[in-house]
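Assemble the dimeric complex from its two separately framed chains, guided by the hints.
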Amino acid sequence: MDKRGESDLLWSVIQAVLIVSVLGTIFYWINDVSSGKLIVAQMDAKESALIVDMARPGTDIIINKTLSITQNNITANFGGGSFSYSTFNPKISTKTIGNGTEVIA
Amino acid sequence: MIIFNKKGQILGSSITMAWKLFLIAGLALFVALTVGSVFTANRDVRPAEASILANRVMDCISDNGMINPNFNVKDCFLEDNELYVSANLTSMDSNFSRNIISGDPAMGVFCKIQDKTKEGATYCIDQKYYVLINNQKVEKGILELTVGVKKYAANV
Numbered sequence: 001m002d003k004r005g006e007s008d009l010l011w012s013v014i015q016a017v018l019i020v021s022v023l024g025t026i027f028y029w030i031n032d033v034s035s036g037k038l039i040v041a042q043m044d045a046k047e048s049a050l051i052v053d054m055a056r057p058g059t060d061i062i063i064n065k066t067l068s069i070t071q072n073n074i075t076a077n078f079g080g081g082s083f084s085y086s087t088f089n090p091k092i093s094t095k096t097i098g099n100g101t102e103v104i105a
Numbered sequence: 001m002i003i004f005n006k007k008g009q010i011l012g013s014s015i016t017m018a019w020k021l022f023l024i025a026g027l028a029l030f031v032a033l034t035v036g037s038v039f040t041a042n043r044d045v046r047p048a049e050a051s052i053l054a055n056r057v058m059d060c061i062s063d064n065g066m067i068n069p070n071f072n073v074k075d076c077f078l079e080d081n082e083l084y085v086s087a088n089l090t091s092m093d094s095n096f097s098r099n100i101i102s103g104d105p106a107m108g109v110f111c112k113i114q115d116k117t118k119e120g121a122t123y124c125i126d127q128k129y130y131v132l133i134n135n136q137k138v139e140k141g142i143l144e145l146t147v148g149v150k151k152y153a154a155n156v
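Going down the list, the protein sequences come from chains A and U.
Numbered by the numbering used here, the letters in the first sequence go through residues 1 to 105 in order.
Numbered by the numbering used here, the letters in the second sequence go through residues 1 to 156 in order.
Please note: incorrect hints may appear among the correct ones.
[Unchecked claim] Now the in silico label distances, taken between C-beta atoms and shown as ranges: (1) Val109/U - Lys95/A: 19 to 29 Å; (2) Ala121/U - Lys37/A: 22 to 32 Å; (3) Ser14/U - Gly24/A: 32 to 42 Å; (4) Lys37/A - Asn55/U: 45 to 55 Å; (5) Val109/U - Gly81/A: 34 to 44 Å; (6) Glu6/A - Leu21/U: 19 to 29 Å; (7) Lys37/A - Gln136/U: 57 to 67 Å; (8) Gly81/A - Asn95/U: 54 to 64 Å; (9) Asn99/A - Ser14/U: 50 to 60 Å; (10) Val156/U - Asp60/A: 32 to 42 Å.
Derived from the structure by calculation, the hints contain no laboratory data.
Don't be surprised by glycine CBs; every beta carbon is placed ideally from N, CA and C.
Here chain U stands alone, though its shape is the one from the complex (with noise of 0.2 Å):
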């Protein structure tokens, strides 16, 4: 129990409550920034993003089960500076090979050479699929799809 019965004692007890006030400030920017950083972080969806680009693109230039040599994945989606699919296909019967690229260069190029393990400017992802092509008549043949996302800002 304070009792001011001396001058300054007034002055005395408000510099103590304003060091109460001063930790218990500090106690809730610390806890603010601690909780804060776990619960209100970007949720990160490129990895579901781009596997559901790579399967749009993939039911896109197929046609009932096989690809067409001429296929051309800039239809299969709306093209923008944050995106980017680049589609290799070669036959296994012949010397038939075509790659298209859609989307930034500079974001294939980080998707060959950035450590997957970790957070990247990038988001990327690489599938391989067995297909039937349909020149003339029907090849075997390998599609390498790789996906890109960046959308970096919104995400991480």
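With the rest of the complex left out, here is chain A (with noise of 0.2 Å):
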């Protein structure tokens, strides 16, 4: 730095760039956060788990998510998270169609 003002430009730049580089870091995760997407798995789990243990024995559902289901547990992913929640049903199979998954409570 061999003027004044270089320098001055320089530390007005990096402030700049990591004030906005927090506050848009904030917004972006507020935007998420209020839109749901941080608990789309939980909910796809929860409300397929209860749509499965509503179902009367035979039924045929064709959820439109991909879920894995092991035994009685249903798990949804979304965004990097997963999420688990257990059905009561005694007797569920399952199988993906495309991008959704047939289960058969």
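Spelled out as structure tokens, the structure:
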């Protein structure tokens, strides 16, 4: 730095970049949180479990989500997160259809 | 406009900037904790689940609108230590009565003593049905159903 104005400008730019990046991150996170993105997996798993529990025996349910179902545990994945919820329906069989899941209660 | 025309002014400016960043980080933390606690909290589906389980048990133990006196709730759902069902069938026409419990009996005790206006470790519902019992002859009776769902970690 051989001129006064250069260091002045550099510091101003660094401050501006840091402040904008922090505020941008907060804004992005709040946007995600308020739109429910962080609980999508939770709601998918719980709603699917309740639907399966509510179904009468022999009901064929097609859920437009990719779910992982092992025994009576329904696991939903979204955005790198996953959530599992158990059902009490004693007889469930599943298979994957395209981007969805077929559940026979 | 800051002009660094003396030694140490760069250091002073760094300290000032660090303080600004500290304030912004504090603000970010405050916003994250406030907003996050509201929007990322677990959704409690136990009331719906308990209601569905109660309906399922009721459907399971009744046939053509009548309760078989030898009913068994254990076949109605997949038992685990997170669910509790107590069915108490009492005839109003004879001295017949039957009580079936499925699940952890400790949950039944908790269902009786908990303050239902607050979030508890177990969510319980009590239902009472006036039923017909197919006990050789048709009798009128009362079925008291208590259903509890624990699943605390996933819901609270």
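Hint check results:
no., hint, verdict
1, Val109/U - Lys95/A: 19 to 29 Å, "violated, 42 Å"
2, Ala121/U - Lys37/A: 22 to 32 Å, "holds, 29 Å"
3, Ser14/U - Gly24/A: 32 to 42 Å, "violated, 23 Å"
4, Lys37/A - Asn55/U: 45 to 55 Å, "violated, 33 Å"
5, Val109/U - Gly81/A: 34 to 44 Å, "holds, 36 Å"
6, Glu6/A - Leu21/U: 19 to 29 Å, "holds, 22 Å"
7, Lys37/A - Gln136/U: 57 to 67 Å, "holds, 60 Å"
8, Gly81/A - Asn95/U: 54 to 64 Å, "holds, 56 Å"
9, Asn99/A - Ser14/U: 50 to 60 Å, "holds, 52 Å"
10, Val156/U - Asp60/A: 32 to 42 Å, "holds, 33 Å"
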